[in-house]
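What follows is the residue order along each chain.
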Amino acid sequence: MFEAYPAYILNGLLYASLLFLLSSGLNVVLGVLKILNLAHGSFYVLGAYLTTSFVALFVATGLPIYLVYTQILVAAAVAGIIGFLFEPTLLRPIYKREESYQLLLTFGILLVLSDVTKIVWGLGAKVAPEPFKLLGSFTIGGIPFPYYNLLVIAVGFVVFLMLWFFFAKTRTGKIIRATATNREVTTSLGVNVPRIFTLVFVFGCFLGGLAGALAVPMQSIFPGLAMEMLILSFVIVVIGGMGSLEGAFIGSIIVGIARSFGIVYFPEIELAILFIIMIIVLLVRPQGLFGRRE
Amino acid sequence: MFPKSFHIKPILGLLPYIIGIVALGLIPPLTGSTYLAYLVGLAIVLAIFAMGFNLLFGYTGLLSFGHAAYFGAGCYAFAMLMKYYHIQSFELLFLGSVIIATLTAAVIGYVCVRYIKIYFSLLTLAFGQVEYALVVKLYNITGGTDGIRVMMPTLLGFTFKDKGFFVTWPFYYYILAIFTICVIVLWIILNSHFGKILQAIRDNDVRVNFLGVSERRYKWYAFILSGVFCGVAGALFAPLNGHIGPEHVYWGFSATPLFIALIGGHRVFLGPIIGSFIYVLVRHYVTAFTIYWELFFGAIVILFTLLFPYGVCGGISLWLARRMKSAKTSL
Amino acid sequence: MGTYKHWREVKFLSEEKKEVSRRKFLATSIGTLVVGAVAGYAGGYATAPGKVVEKVVEKPVEKVVYKPPPKRPVPKEPIKLAYRDHLSGALAVRGEWTKRAMELLVEETNKEGGILGREISLTFHDEAIPVEECVADFRRLGLEAKVDVIIGTTSSGVALAQAPVADEIKTIYIIPHAASYKVVMEPHKYVFRTNGHTGAVPIAMALYVLKKMPDVKRVAHIDMDYAWGRDNWNVFIATLKKYKPDVEVVAEVWEKVGEVDHSTAITKVLAAKPDIVFNSHWGGQLVSLVRQAIEYKFFEYTTFVCTVIEEAFPEIGPDFPEGQLGAPWTFYWEYPGYRWNLNRWFVKKFIEKYGVPPNYPCMQCAAAFFAYKTAVEKAYEVLGEYPTKEQIAETLAGLAYAHPGGMNRIRREDHQALAPPTVGVTKIDPKWNMAVLHDFEVISAELVYPPPFTEPLEWIKTW
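Protein chains in written order, with my numbering: chain A, 1 to 294; chain B, 1 to 331; chain C, 1 to 463.
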């Protein structure tokens, strides 16, 4: 029985990696712009759909197949660019408004994007299996495990390190952190805050799209997934702490492993386990593991 | 654009309400259409639900993402009391459902009001989803994803055979009567001392504490009261629809009263009511034409948020106010 | 193409007809009872080939010739057929295929003049909207749009919600896909179901497993966590345990509906080393499960047993693992076979138009469509005028009819069709570049359908 544990842990880390990428996009927007982007799940979906289209196109051109992985990055980048369409036009007017309006506006964007994906890619499920199949699998503890899953875990970890380095050490990162802490003072110091906001929003959408792009070769994508993904990212943001990068990382790992072992030992609990963890965290330490109380 | 503490007092008095209720009462005799009676009945039920929700949102400033939990508790209480205890009387079922919904709101609300803003919203969402998971898991008693079928109850002791007749005449007027009572009750509550405290909490809850009023306790009372109205709506919805399921507890359904309150105007008493009618009529005709109804609704939400933040009724009353040159007026 | 145990009935029917006509020719003064209904029953029920049904021979009486009433003209307006299925969302794969089937059926029937000369006008309605909107739309179709018949519904929850409304609005509602046995647990005048249900098909699946793998011991399962998955699994394991009490359940996974990440489920099941893994996933969830499982080399370690496996064949294509046990839920496109005219007509036209054979949801659509068509035509024959909805409903109850998937009989008491389920083993067919079911069998309806208004698990206990 215990020989399966490495596989269970790897599965947990796999799920954690996707959750981390997804929720860090939401987190970074929340921390800097102080907006909870309800449409964030839509960018995950967009990233996934774009990957299916780009991979299909790439395979058709007959270029060397191992370069297909670039399509994942391309799809994520395009998701970010789509975010760029929304921020200056729709979001900027409402930064000064009441919170509920921001939520409602992003909810409207969620609805619109849901139908746009239906119109563009149709109603059925779409797949992009080539990146997944290409790498094959190995056995661990007597159970086969695909190499692609290891790739996803690695990407999640690398992104975490890069983000941490970016925010802690680089100049732009520090400027962004300053903007998050105090908008007015930063403006008075001569920083172009609206431009920072746009940059951060686009980056958040890119991360969400990257999560979708990495996930779709393993699974499939169909309309209606946006709300699910949004709720998952909420849960991680709450558990880890709003605006906290380390929190999102640790929180994702906790949720990923809990879910993986939960399915094994308590199969009935899968539906509710995320929310139970979320309630416990909110009751015991509402600012999350690494968050700060406002 | 608008000052944050803008709130609206009535000017035209009771006239629009009287006209409205009489007009609604004339629908069955004038049209005799079961389908229309069903749609209007649904709009009224959702209006009660939205009024309950708006008690927290528009008046107390608390945005709940899990309000379908109390509506759903009312629905399921009704259906399960009818199915397992063989109670046929609508009056008894109604009482039971409202009590259970109120208790649910009291328990969940007690925990949630300790938190503010986004934490409050997410906690209400989490509790709503746990209730959903329970409903789906305990499928042996709740019917799981299949839901429970609700038969026609007896109204004031009278039994009915034909569902079409039931919906068009006796139950329709019953709903209308309960709706009138709800409107009167809510009106009295919101214009009372209690209502003023809620609005003060919405505008600045810290200051309210310093004035010696326990904002937490009043938020809890508002939550419980909101649960009562949601339970009423749920109890009316169950026999009207004939079937209830876990989708009525899902958070997507919680977005409906939010949408209604926004469209109608969340700072106006009449707002949720008008919003509900708009919502039901538009939704039914849009889904008949196209499968891309989300696009349509999403565009409406964006439009209203950017341009008409006070909704239809709020906009009208602001316009009236400018015409009458007084600072705070409403419908 | 596989063994056709019931192919001989087809021959039997045509031989019988010749016998009947020869008899009539010889014994002019003898009136005989028409044995058409008996042939219908024989097609559905006869298990052993060559079984002869007793014919009733009357004493010589006055020759009574049945004179059908003079035929009144048929109304000119088109027949409105509303079809509801998942056209969007996670399970849209289902709607894609059934839409094709319905369009083909209506198009071809209209080409031949429609039903009794009336053209059929077909409209599609999405089921992937919230249940109460489905119900409201259902009401609208009956009360406002005044359609003649509503066919459709895949989700049992939606079917359960819509069934009482059908009686309310007095419109015929034929269910081709929704499979929960609960739908027919209460009598409804206007509701009919033409395919197998969750109380019957898993029994057939279990019987087939016992036949093909008599030494099965360790059983695991991955199922969707709602009524469908629960019923499928409970009925399957109850049947299995009834005949082989030493069977052991080694791993259970309940997945939420719409789950895309199956890696943990697959890992958990593989770790338990089962002989067979039972599954009842459908639509996109089945496809993503099989796809991921292939990468985990799942099918090299264990045998997959899935009651709706056929739905994944076209989506996965030639990568589909061979040697897995499965069912196309009820009707399979290769059965009853080459000699069955309706089957040839439908499958050939489908392949002509779409390039692939029809999958089981398409066959189910055809079953529902032909139920309605046959009922209308029969009622017209008897009455002499175009039947009302009520009269069509009365004809449908107890109707035996032919459709591209074989013969079907709708039970009078609960309007459930006694549709014999097909089961088989997967194998890649290079002609279609995808998997097909070979070595298949049709399990007789009496073995698997509980009596009307009886819970399947209760019925299994009484065996």
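Think of the hints as simulated: they come from the structure by calculation, not from any bench. Ideal placement from N, C-alpha and C gives every residue a C-beta, glycine not left out. Hints may contain errors.
Using C-beta positions, here's what the derived DEER-type ranges look like [to be verified]:
id, chain 1, residue 1, chain 2, residue 2, range
1, C, Ala397, B, Ile181, 39 to 47 Å
2, B, Ile87, A, Glu268, 54 to 62 Å
3, C, Glu133, B, Asp203, 35 to 43 Å
Each hint tested on the structure:
1. C:Ala397 x B:Ile181: 39 to 47 Å: The hint (39 to 47 Å, Cβ to Cβ) holds, given that Ala397 (chain C) and Ile181 (chain B) are roughly 46 Å apart.
2. B:Ile87 x A:Glu268: 54 to 62 Å: 31 Å, violated
3. C:Glu133 x B:Asp203: 35 to 43 Å: 38 Å, holds
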